[in-house]
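K.L.:
Line by line, the protein sequences are chains A and B.
If you count the first sequence from 1, position 344 lands on 389 in our numbering, and the numbers rise without skipping.
If you count the second sequence from 1, position 102 lands on 147 in our numbering, and the numbers rise without skipping.
Everything labelled a hint here was simulated from the structure, so no lab data went into it.
Possibly wrong hints are sitting among the right ones.
Note that the list lumps identical chains together, so a pair holds whenever it fits in one copy or between two copies.
[Unchecked claim] List time: in silico EDC-like cross-link candidates among lysine to aspartate or glutamate, alpha-carbon distance up to 20 angstroms:
| id | residue 1 | residue 2 |
| --- | --- | --- |
| 1 | 312 | 283 |
| 2 | 339 | 186 |
| 3 | 354 | 180 |
| 4 | 339 | 398 |
| 5 | 199 | 363 |
Predicted model only: the values in this text are computed from it and were never measured.
There are 2 protein chains.
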Amino acid sequence: MKLRQLFAALVFGFTASLAQAEIPWTFQPLPAEPPIPADNPQTDAKITLGKQLFFDPRLSITGTHSCNSCHNLAAGGEDGRAQPVGVYGRKGRRSTLTIWNAAYHTIHNWDGSARTLEEQNQGHLLDPNIMGMPDARQLVDRFSSIPAYRAEFKTVFGKEGVSLENIARALASFERTLITHNSAFDRFLAGDKRAISTQAQHGFEDFIEVGCASCHFWVNLAGPQPGLAMQQGEGFYELFPNHPGTDYESRYHLADDIGRYDFSQVKTDIRMWRVPSLRNIEITAPYFHNGSVKTLAEAVQVMAKAQLKYELSQQQVDDIVAYLHTLTGRFPTITVPRLPETSNRTAVAGHDD
Amino acid sequence: MKLRQLFAALVFGFTASLAQAEIPWTFQPLPAEPPIPADNPQTDAKITLGKQLFFDPRLSITGTHSCNSCHNLAAGGEDGRAQPVGVYGRKGRRSTLTIWNAAYHTIHNWDGSARTLEEQNQGHLLDPNIMGMPDARQLVDRFSSIPAYRAEFKTVFGKEGVSLENIARALASFERTLITHNSAFDRFLAGDKRAISTQAQHGFEDFIEVGCASCHFWVNLAGPQPGLAMQQGEGFYELFPNHPGTDYESRYHLADDIGRYDFSQVKTDIRMWRVPSLRNIEITAPYFHNGSVKTLAEAVQVMAKAQLKYELSQQQVDDIVAYLHTLTGRFPTITVPRLPETSNRTAVAGHDD
Numbered sequence: 046m047k048l049r050q051l052f053a054a055l056v057f058g059f060t061a062s063l064a065q066a067e068i069p070w071t072f073q074p075l076p077a078e079p080p081i082p083a084d085n086p087q088t089d090a091k092i093t094l095g096k097q098l099f100f101d102p103r104l105s106i107t108g109t110h111s112c113n114s115c116h117n118l119a120a121g122g123e124d125g126r127a128q129p130v131g132v133y134g135r136k137g138r139r140s141t142l143t144i145w146n147a148a149y150h151t152i153h154n155w156d157g158s159a160r161t162l163e164e165q166n167q168g169h170l171l172d173p174n175i176m177g178m179p180d181a182r183q184l185v186d187r188f189s190s191i192p193a194y195r196a197e198f199k200t201v202f203g204k205e206g207v208s209l210e211n212i213a214r215a216l217a218s219f220e221r222t223l224i225t226h227n228s229a230f231d232r233f234l235a236g237d238k239r240a241i242s243t244q245a246q247h248g249f250e251d252f253i254e255v256g257c258a259s260c261h262f263w264v265n266l267a268g269p270q271p272g273l274a275m276q277q278g279e280g281f282y283e284l285f286p287n288h289p290g291t292d293y294e295s296r297y298h299l300a301d302d303i304g305r306y307d308f309s310q311v312k313t314d315i316r317m318w319r320v321p322s323l324r325n326i327e328i329t330a331p332y333f334h335n336g337s338v339k340t341l342a343e344a345v346q347v348m349a350k351a352q353l354k355y356e357l358s359q360q361q362v363d364d365i366v367a368y369l370h371t372l373t374g375r376f377p378t379i380t381v382p383r384l385p386e387t388s389n390r391t392a393v394a395g396h397d398d
Numbered sequence: 046m047k048l049r050q051l052f053a054a055l056v057f058g059f060t061a062s063l064a065q066a067e068i069p070w071t072f073q074p075l076p077a078e079p080p081i082p083a084d085n086p087q088t089d090a091k092i093t094l095g096k097q098l099f100f101d102p103r104l105s106i107t108g109t110h111s112c113n114s115c116h117n118l119a120a121g122g123e124d125g126r127a128q129p130v131g132v133y134g135r136k137g138r139r140s141t142l143t144i145w146n147a148a149y150h151t152i153h154n155w156d157g158s159a160r161t162l163e164e165q166n167q168g169h170l171l172d173p174n175i176m177g178m179p180d181a182r183q184l185v186d187r188f189s190s191i192p193a194y195r196a197e198f199k200t201v202f203g204k205e206g207v208s209l210e211n212i213a214r215a216l217a218s219f220e221r222t223l224i225t226h227n228s229a230f231d232r233f234l235a236g237d238k239r240a241i242s243t244q245a246q247h248g249f250e251d252f253i254e255v256g257c258a259s260c261h262f263w264v265n266l267a268g269p270q271p272g273l274a275m276q277q278g279e280g281f282y283e284l285f286p287n288h289p290g291t292d293y294e295s296r297y298h299l300a301d302d303i304g305r306y307d308f309s310q311v312k313t314d315i316r317m318w319r320v321p322s323l324r325n326i327e328i329t330a331p332y333f334h335n336g337s338v339k340t341l342a343e344a345v346q347v348m349a350k351a352q353l354k355y356e357l358s359q360q361q362v363d364d365i366v367a368y369l370h371t372l373t374g375r376f377p378t379i380t381v382p383r384l385p386e387t388s389n390r391t392a393v394a395g396h397d398d
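Okay, chain A solo, but in the shape it has when bound (with noise of 0.2 angstroms):
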């Protein structure tokens, strides 16, 4: 046995082949429902308000961008590109992270610097290279003065009504929707051994022995989450690349990026950031913080490389992609809203030239 199953039989109790032993506990097949927080209860009308807002353009300062146009839902929950465009052209400072099954994480952006959806929906719209509102204050008097969604607001919010809070709490309601679950891989974790082909099973194995199920484990392949068996904190985070110096390191620049210690000035968070999901990966192309890396064969071998020092054979690659593949959801299927209108004028007057 060599020293990385050892390893792996160590922290997973996994020692044969896949096709005998048990599969380690620490995978699980993603649940329909995320954790709903206590002070954001789910309801129909806060779900369905929020998904307008999801598609309102007027989010932002020039009325040009959505959620959806970097998050796009007719596609992975991103923009394919290594860094989104916001206003005016901006460019935004790190590589979109899908908003599909985002609800089961314990932190959010790259740098961990949101901890609830609520807050990330609440730094974007805020955000000068993003959505570009310059202050809670504008959006709300936008939106307020729009009469169908101030009658919305009241009725989900009561009195408190149309308020930075209040949209960013409508958005993460719709957003707790957006989940894939029943991937081949969920259904291979609940006993349908024949929903993942034997290489993609060959790739499971090499994925959990070579040492990406270190990181990569748990409902939402991103490492352990709130609310559930594994809490661990505040989020999970890694240092990354792991082993500097690789070629891989420079030729991505890899490296150039401080990562969580921007955010949080804490010198043991330089490179370090959070662990992304793996769902529909497949999909998600480019990869990485800065987007750097444009396929996902390059991605699988310069995580091994950088990560876990580990050279991966052709084969090796080949099957763990195939096993990835077996990560891409059933997307649920969702009607354009129709957004609140304003009524004679465009609510976006003064930002729209």
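Go by the hints and put chain B onto chain A.
P.N.:
Leaving out everything else, chain B in the frame of chain A:
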């Protein structure tokens, strides 16, 4: 009888108040189906493909803009801005026209520079300020590299497969389903006299008497259209401003843009503009080719003065606005399509940073 009423009586056979008279035959409910060109018949597969393309930001060079980015189907089929924002933060030249019911137009774009939806689509794809595709080749290469699209194009268009023309054709087929019939005014025209308020009926009378109906008539309130009884050649243009030198002209820079002339280089086309539809006009502010007028009431006054040399009373403005509100139709339910994915890689590679 005022001269204007006499004119209306001559043109529309309209003498008494609306309550007693027949509604002028030049007003007809919007048919459920628009004219379909013989060389681009509707098929379910083509409409499905066109819908995917309509929502696909990969049609833009940067992967940031879909047709829906500016022609927002969650709203009035446009962007609520004076000028659209295309790729690289570039501004489009003129205010976005709604895509709803565009299928009924004889001519497209403010200057009539496209005679069909197919032509319009091609133009927008290659416009450096809109989708920014440098040439057909890059567009075709990109979409040919997406296996599911390649297969769909083959099914729909046979051997010809992916081409600029076929992308434009599929888009046009989907756009021909974007119809908002059954507005209150349509129900009124169909015989339900209670479908619109008394104020709106007064507004409709004013609309005819004042002269708005001289251009804004027929099913799309945009003048005659092809394939129907009132065909009048290649399109329907009017001089704007018709009465030069008004205060409005300078305040809203109405005469700065030279209109169709810039496209046709024909002297008689100086400041000639296509007559835009008034359907859903309530929700498509700001108004005019330069989006300079922020409210519908102001737009009505500008039109009366600059086109008809007529000073409307406040009551007339209110009544006409009430009438224009009855032109907001019923919007079809549209599901967000699933876009064909590029497994493992991004299709916008090379244009994504």
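K.L.:
Each hint needs a verdict: does it hold in this structure or not?
P.N.:
We went through each hint and held it up to the structure:
no.	hint	in the structure
1	312 <-> 283	within (14 angstroms within a copy, 68 angstroms between copies)
2	339 <-> 186	between (41 angstroms within a copy, 17 angstroms between copies)
3	354 <-> 180	neither (46 angstroms within a copy, 44 angstroms between copies)
4	339 <-> 398	between (35 angstroms within a copy, 12 angstroms between copies)
5	199 <-> 363	neither (53 angstroms within a copy, 29 angstroms between copies)
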